[in-house]
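Make the full structure from the sequences, and use the hints.
What follows is the residue order along each chain.
2 protein chains.
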Amino acid sequence: MHRFFVKPENIIRDKEVIITGDDVQHITRSLRLKSGDQMIACDGKGTDYLVELIDLNQKEITCRIIESRKSRGEPDIEVTLFQGLPKSDKMDLITQKCTELGIRRIIPVETGRTIVKLNDKKAKRRVERWQKIAYEAAKQSQRGKIPSIGPILNLNEALEMIKKEKYDLFLVPWEEARGNSIRQVLKNWNVDKKAGLKRIAYMIGPEGGLEEKEVQTLIDLGAQPVTLGPRILRTETAGFVVLTVLMYEFLEMEDV
Amino acid sequence: MHRFFVKPENIIRDKEVIITGDDVQHITRSLRLKSGDQMIACDGKGTDYLVELIDLNQKEITCRIIESRKSRGEPDIEVTLFQGLPKSDKMDLITQKCTELGIRRIIPVETGRTIVKLNDKKAKRRVERWQKIAYEAAKQSQRGKIPSIGPILNLNEALEMIKKEKYDLFLVPWEEARGNSIRQVLKNWNVDKKAGLKRIAYMIGPEGGLEEKEVQTLIDLGAQPVTLGPRILRTETAGFVVLTVLMYEFLEMEDV
Chain P
97 MHRFFVKPEN IIRDKEVIIT GDDVQHITRS LRLKSGDQMI ACDGKGTDYL VELIDLNQKE
157 ITCRIIESRK SRGEPDIEVT LFQGLPKSDK MDLITQKCTE LGIRRIIPVE TGRTIVKLND
217 KKAKRRVERW QKIAYEAAKQ SQRGKIPSIG PILNLNEALE MIKKEKYDLF LVPWEEARGN
277 SIRQVLKNWN VDKKAGLKRI AYMIGPEGGL EEKEVQTLID LGAQPVTLGP RILRTETAGF
337 VVLTVLMYEF LEMEDV
Chain L
97 MHRFFVKPEN IIRDKEVIIT GDDVQHITRS LRLKSGDQMI ACDGKGTDYL VELIDLNQKE
157 ITCRIIESRK SRGEPDIEVT LFQGLPKSDK MDLITQKCTE LGIRRIIPVE TGRTIVKLND
217 KKAKRRVERW QKIAYEAAKQ SQRGKIPSIG PILNLNEALE MIKKEKYDLF LVPWEEARGN
277 SIRQVLKNWN VDKKAGLKRI AYMIGPEGGL EEKEVQTLID LGAQPVTLGP RILRTETAGF
337 VVLTVLMYEF LEMEDV
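Going down the list, the protein sequences come from chains P and L.
Numbering of the first sequence is given in this note's numbering, commencing with residue 97 and proceeding in unit increments.
Numbering of the second sequence is given in this note's numbering, commencing with residue 97 and proceeding in unit increments.
Hint data in this document are derived by calculation from the structure and do not stem from the laboratory.
Please note that the accuracy of each hint is not assured.
The list treats identical chains as interchangeable, and a pair is accepted whether it falls inside one copy or across any two copies.
As the list claims (entries may be wrong) - Derived lysine-lysine pairs resembling DSS-like cross-links, with alpha carbons at most 25 Å apart:
| no. | residue 1 | residue 2 |
| --- | --- | --- |
| 1 | Lys155 | Lys130 |
| 2 | Lys155 | Lys220 |
| 3 | Lys283 | Lys294 |
| 4 | Lys260 | Lys186 |
| 5 | Lys290 | Lys220 |
| 6 | Lys183 | Lys228 |
| 7 | Lys186 | Lys235 |
| 8 | Lys235 | Lys294 |
| 9 | Lys289 | Lys220 |
| 10 | Lys217 | Lys111 |
Keep in mind it's a predicted model, so treat the numbers as computed, not measured.
Put into structure tokens, the structure is as follows:
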């Protein structure tokens, strides 16, 4: 069934949904849906509405809500990726793939080995671009929430955020984390303990990796250093590998 | 330490390694290594040689073997991906990421919903291109073997190959595989049983997915249908998600 995101204010007293903007053209012209057809409208906050199209014109579509339910595509764990800002268009790939896999938020971070320099104007445009990629990927993968991307922070700002947010678990993949595989760390919790972990975060370095003193600062804030095994993963690969492992271990890849 | 692949015939009686081709320029000009410096030469068959550079000229470099050891980047499980041939340059990404993650072989397959049509000449060029991507990714990620890519098969040819190869485990991610998550299937084996599984394969559909009758044919050949959870993954994402889960479950992401 076709699926669209709508702004929460376009959901009227749990009875009607109003579709506006580009989706109107898409629904009427490309998909040729008509009065009486059904589709899913998602509020982007984790609720799906099964609706029937009632009234269609060129500017908006009015739908009647048949039933509402929790979006099944939305994981219970809320995962934040702090991503060392990489070169070229790698953030596009990271954003798209991590959205498909269930990320909640991505914060690009300028670390010691970040090479890219973005002025304010360019940074703003990039974040808008990534947010759009996240929107499209959330729609395609049937997420119930649209991940938020940005703002770009420097390392000190990111550390302040980490202190403030008090994540239940914070992982730092690091080549030098001898004897501490991600599997061993995650197996340390039994199922009951895991049930208590909801807000999870991890930081991935840019192309050159994180500096040792950066990792040490994160460890001092409670982060757990982990290895991802003997193969050297590119920065854009490490992000979705950790996310896949988290979704797998926290039972978010089960049939529902 | 710098690392290069060499052809097995350039490893002389376990005593010397001869470097030829483009690597000579790279080693002498870009990296400026000199007589007495050490590096790793890998035979691409799973053995690494720690060598000392002895004699360098513009055409070849002679090295003395100090010691040999099993490449630590090479997983024990041998995983083959049968990938429904996708559009545009998605195979580039699949090849690069799956190589980093430890794939052994990728066979692109023309299934019922494959849209791309490649004539023989174009197909040959594409396979060469993917093989080159696999070589570069194997080098970068410190693999001990270079995955083999291709040839492109049609579905019947792929089915013949699957019959002949008799994989220990064959997975088919399929949206309709109700009640059978990849986690549940993999948890069905205890550690001892898992130790006996070495040759693993899986098939991913192209953009439109596999047809139901294609999945049924695979099931008749012993394949296990599995779901990857409630989020709809793109074809190029599913391949490395399954591979990540396999490497994780089969302890190939441990510290070594």
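Here's how the hints hold up against the structure:
{"no.": "1", "hint": "Lys155 x Lys130", "result": "within (15 Å within a copy, 71 Å between copies)"}
{"no.": "2", "hint": "Lys155 x Lys220", "result": "neither (30 Å within a copy, 50 Å between copies)"}
{"no.": "3", "hint": "Lys283 x Lys294", "result": "both (16 Å within a copy, 23 Å between copies)"}
{"no.": "4", "hint": "Lys260 x Lys186", "result": "neither (28 Å within a copy, 40 Å between copies)"}
{"no.": "5", "hint": "Lys290 x Lys220", "result": "neither (37 Å within a copy, 49 Å between copies)"}
{"no.": "6", "hint": "Lys183 x Lys228", "result": "both (19 Å within a copy, 22 Å between copies)"}
{"no.": "7", "hint": "Lys186 x Lys235", "result": "both (21 Å within a copy, 20 Å between copies)"}
{"no.": "8", "hint": "Lys235 x Lys294", "result": "within (23 Å within a copy, 38 Å between copies)"}
{"no.": "9", "hint": "Lys289 x Lys220", "result": "neither (40 Å within a copy, 53 Å between copies)"}
{"no.": "10", "hint": "Lys217 x Lys111", "result": "neither (42 Å within a copy, 58 Å between copies)"}
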